[in-house]
Each structure stands twice: as C-alpha cells, then as structure tokens.
Amino acid sequence: MRRGGQDIELPIGQVRVGDVVVIRPGERVPVDGQVIEGASQVDQSLITGESLPVPRHEGDKVTGGSINAEGLLVVKTTAVGAESTLARIVRLVESAQARKAPIQRLVDRVSEVFVPIVIAIAFATLLGWGLFTGNWEAAILNAVAVLVIACPCALGLATPTAIMAGSGVAARHGILIKDAEALEVAHHVKVVAFDKTGTLTQGKPLLVAAEAARGNRASLLGAAASIQAGSEHPLARAVVDAAASEGLHLEAASKVRAIPGRGMAAAVGGRDLRLGSSRLMNELNVQLGALALRADALQAQGHTVSWVADVSGSPELLGLLAFGDTVKPGASSAIARLREQGVRSVLLTGDNRGSAAAVAAQVGIDDVRAEVLPQDKARIVAQLKDGGVVVAMVGDGINDAPALAAADVGIAMSTGTEVAMHAAGVTLMRGDPMLVADAIDISRRTYAKIRQNLFWAFVYNAVGVPLAAFGLLSPVIAGAAMALSSVSVVTNALMLRHWKAGAQ
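Residue numbers for the sequence shown follow my numbering, beginning at 124 and rising by one.
Keep in mind that the hints are not guaranteed to be accurate.
Result set (BS3-like, lysine-lysine): computed pairs, CA atoms no more than 30 angstroms apart in a straight line [what the hints assert, rightly or not]:
no.	residue 1	residue 2
1	508	199
2	301	313
3	301	451
4	623	313
5	508	313
6	451	313
7	378	327
8	508	301
9	184	199
10	451	199
11	184	327
12	451	508
13	301	327
Simulated from the structure, these hints should not be mistaken for laboratory data. This one's a predicted model, so the numbers in the text were calculated from it and none came from an experiment.
All chains should be modelled from the sequences, with the hints used to inform the complete structure.
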C-alpha cells in the first residue's frame with residue numbers, strides 16, 4: 124500500500140475504500156479498484172472466464188482475485204470485503220441455492236394415501252369375515268394376509284434402488300452425482316447452457332497461425348520464441364511450445380524488456396526486435412501491409428494477434444502471430460448428441476463476441492450470449508427457465524458458480540475450481556463435454572426404472588390386496604409374493620449396471 128509517498132505492507136483487512144494499493148508483477152490483485160498509474164496485462168479468468176490476459180491502463184478497472192502479469196500497477200481501491208466482486212458472487216451462489224426446494228418424492232405422496240387405505244382394508248376384512256362368517260381365526264389370517272401382501276417394500280425400494288444403481292454406474296463412467304435431486308431433475312432438461320473457456324475449449328491459448336511478411340515461417344517463429352523464452356506470459360508459453368514442437372533452434376536473446384501494455388523488446392542475432400500489439404507497431408511506424416487484412420480476418424474469428432518487427436534500421440515487419448483457445452475434441456459431438464436427445468444448447472460466456480461466435484460455429488451452437496458478467500449469467504439462466512423449462516448449466520470457474528446454483532441442474536467440470544463443484548449438483552470427473560449428454564441419458568434411464576418399479580409395485584398391490592381380502596391368499600403365500608416383488612424391483616433397478624456411456 125502507498126501512504127505518504129512510501130510503500131508499506133499491510134494485512135488486507137486494514138485496506139479501506141480510497142486507499143492506494145501497489146500491485147507488483149505476478150501478484151494477485153487484492154481489491155477491486157481503478158488503475159491510477161502504470162500499465163500491464165491482467166489475467167481475469169478467475170472472474171470472467173476469459174482465457175487471455177487483458178490490457179489495463181490508467182483509468183481501467185481491475186477486480187480482486189485477478190493476477191497482474193507483467194507491469195507495476197498503482198490502484199485506487201473502490202471496493203473491499205463484502206462489497207467486492209468475489210464476495211458478491213458468493214452471495215449470489217448462496218441465495219440461488221437457498222431458493223432451490225427439495226423435490227417431493229412421488230412415492231412419499233402415494234404412501235400418505237396408500238398406508239391408511241391398506242389399514243382400512245385390513246380392518247374391513249377382519250370385521251367382514253368375523254361378522255359374516257363367525258370364523259374370527261380366518262378373519263385374522265385374511266386381515267394379516269392383506270397387511271403382508273400390501274407391505275410397501277416394493278414401493279419403498281422402487282426409488283432408492285434405482286437412484287443407487289444409476290448414481291453408481293454414473294460414477295464408474297466419470298459422472299459424480301452429489302445428490303439424488305440432481306439425478307431425478309436432469310431427465311427433464313430441455314436446455315443446456317455451456318460456459319466456453321475450459322468447458323467447450325481447452326482453456327489455454329495456443330498458437331494457431333504464424334505468417335511471415337517476407338522469408339519463411341520458421342524464421343519468424345524462431346525469432347518470436349527467442350524473444351519470449353524467459354517469459355511466463357500465457358501467449359509467450361504458446362509461442363515457445365509451438366517452436367519446441369517444430370524442433371526450432373532458439374537464439375540467445377539479450378536486452379530483453381517488457382513494454383507494459385504493448386509487448387516486448389529484445390536483441391536477437393544482432394537484430395533489434397519488437398513483439399507486441401498493433402498499438403506498438405503504430406507507435407514504431409511499422410507498415411503492416413497486406414497482413415493487415417489477414418489480421419482483421421483472424422481477429423473476426425476471435426483470435427488475438429501479435430506482430431513481430433525488426434527496428435534495427437528502418438522499421439520492418441517480420442510477420443504476425445495469432446493465438447486462440449482450441450475447441451475440445453469431443454465438443455461438437457457432444458452438442459450433436461444433445462440435439463438428438465431433444466436438448467437445446469446455449470453458449471454463455473464472459474469472453475468476447477468474436478471468440479464466442481467462432482467457438483459456437485465450430486461446435487454447432489446457434490444461441491450465443493457473450494461478454495456476460497457472473498451475475499448476468501445467473502439472470503440469463505433464470506430467463507431460460509421461464510415457462511417451466513428445465514435448464515442445466517455447465518461450467519468450471521468461479522464466474523460460473525452463480526449460474527450453476529441458479530440452474531435446475533448445475534454440472535461442473537472437475538478440471539475447474541472448487542467453488543464451481545460446490546455449487547453444482549453433478550461433477551464431471553473428466554473435462555469431456557460428452558459426459559453432459561451421458562449424465563442426462565443416465566438420468567432419463569434411472570427415472571424410467573423408477574416409473575417401471577412403481578408401476579409394477581402398484582399392479583402387484585392392486586391384484587394382491589383384493590385376493591388376500593377375499594381369502595384367496597394365506598399369509599405364507601402373501602409373504603412369499605411380497606418378497607418376490609421386492610426382488611423383482613431390485614433386479615430391475617440393477618439392470619442399470621449394464622448402461623454404457625454414449626448409448627442411445
């Protein structure tokens with residue numbers, strides 16, 4: 124913190140609104156605030172889900188929990204503690220969870236009526252046989268037979284055995300169901316809202332294009348990797364990894380320095396090189412030439428573009444680099460399978476519109492909601508639920524937590540944050556979007572087993588109770604029939620163990 128012109132360290136609890144906080148490169152931003160000095164790149168993926176760091180200059184806002192990448196920032200505090208963005212997200216999660224009412228089990232509602240009716244039938248059987256035949260021994264046996272045959276073991280086992288079998292087989296296939304409510308509700312899902320970064324995409328930037336203005340691509344990529352070999356910036360790591368995968372030899376770079384908010388400078392192989400944004404190229408009077416149109420096309424696809432230039436003499440453009448977050452291999456197949464199940468998919472992301480539209484086109488999603496803040500995600504999920512539509516939300520970050528809690532079924536990727544998994548009723552143990560369709564499928568099959576079990580339990584009682592009341596079943600046979608009904612219900616539920624992922 125900066126007080127009286129001096130920088131001092133204080134516990135976060137002592138920071139107040141209006142205080143000036145100094146954030147060094149690599150540090151986590153401790154408060155919500157506004158930049159009053161300095162420039163840097165800030166990783167806001169914790170809050171917005173946006174995979175690439177964003178530039179921050181004087182006058183821009185920063186959010187507590189994000190990470191300062193490369194430059195020194197001086198920030199005036201605008202919110203701390205309970206008023207910070209992260210704290211508001213936590214409150215949204217808690218309030219959304221509090222509004223969710225537990226599902227009322229069908230069997231519980233039926234039992235409230237069934238049990239008194241059976242007792243009444245047994246009592247009527249006792250009085251009827253006793254008064255009209257005078258054989259109270261037979262009356263007692265027939266009344267006991269009614270109670271035995273109607274003992275609701277099959278009714279009581281119908282739901283829990285199916286849920287146990289369904290959740291067990293789901294867990295073996297990487298779908299962890301936190302509670303039975305999520306398993307029961309998921310079969311009604313008609314809309315699935317997907318987060319983009321880390322859910323449908325890999326969640327880290329990759330080099331998708333390297334195009335030289337003159338010369339060859341390998342020379343451009345080698346020069347760019349040499350400049351960034353010592354950097355931990357996500358884009359720098361993408362360049363270095365691409366160069367390593369192609370077996371390129373990197374020259375030693377000297378005079379390496381960061382240009383805050385713009386890029387990097389270094390001397391490589393006797394050349395004075397610059398790598399950075401279009402703003403940096405304009406400041407250096409570097410002519411982009413024909414590659415400017417190519418850059419526009421790449422940016423329209425949602426890619427981030429950087430430039431490499433040689434400024435040893437007259438500024439000369441060497442080429443461009445384009446970065447993007449690649450779609451997961453099974454994402455398009457997962458969306459297609461959901462469509463076959465009659466489920467509509469929506470892309471709900473904090474990322475920019477170009478990137479969101481590009482990913483949506485690749486995976487086959489028509490409904491795209493981009494540049495959405497965490498609290499807006501929860502609001503959009505609530506809108507999707509209008510008219511009684513059952514909505515599932517799939518995400519992996521803190522920014523997805525309010526929407527996960529607001530949805531009828533929250534589905535979190537285990538590759539994401541603990542907050543997301545806490546807010547969700549279902550956790551996918553692998554970052555595979557296909558598991559979303561599998562989760563809905565196993566829910567539908569489980570619910571089908573519950574209905575089958577309840578149907579046969581009702582049929583069994585509808586047939587058995589009258590037979591026992593008319594003296595056609597002894598208590599011994601009634602007991603055997605009751606046991607057989609329980610075994611049949613359990614056996615039917617255990618058939619779920621043969622479920623296979625990807626089955627239609």
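Do the hints match the structure? See the list:
| no. | hint | result |
| --- | --- | --- |
| 1 | 508 with 199 | violated (40 angstroms) |
| 2 | 301 with 313 | holds (21 angstroms) |
| 3 | 301 with 451 | holds (25 angstroms) |
| 4 | 623 with 313 | holds (22 angstroms) |
| 5 | 508 with 313 | holds (10 angstroms) |
| 6 | 451 with 313 | holds (23 angstroms) |
| 7 | 378 with 327 | holds (28 angstroms) |
| 8 | 508 with 301 | holds (22 angstroms) |
| 9 | 184 with 199 | holds (9 angstroms) |
| 10 | 451 with 199 | violated (39 angstroms) |
| 11 | 184 with 327 | holds (24 angstroms) |
| 12 | 451 with 508 | holds (27 angstroms) |
| 13 | 301 with 327 | holds (28 angstroms) |
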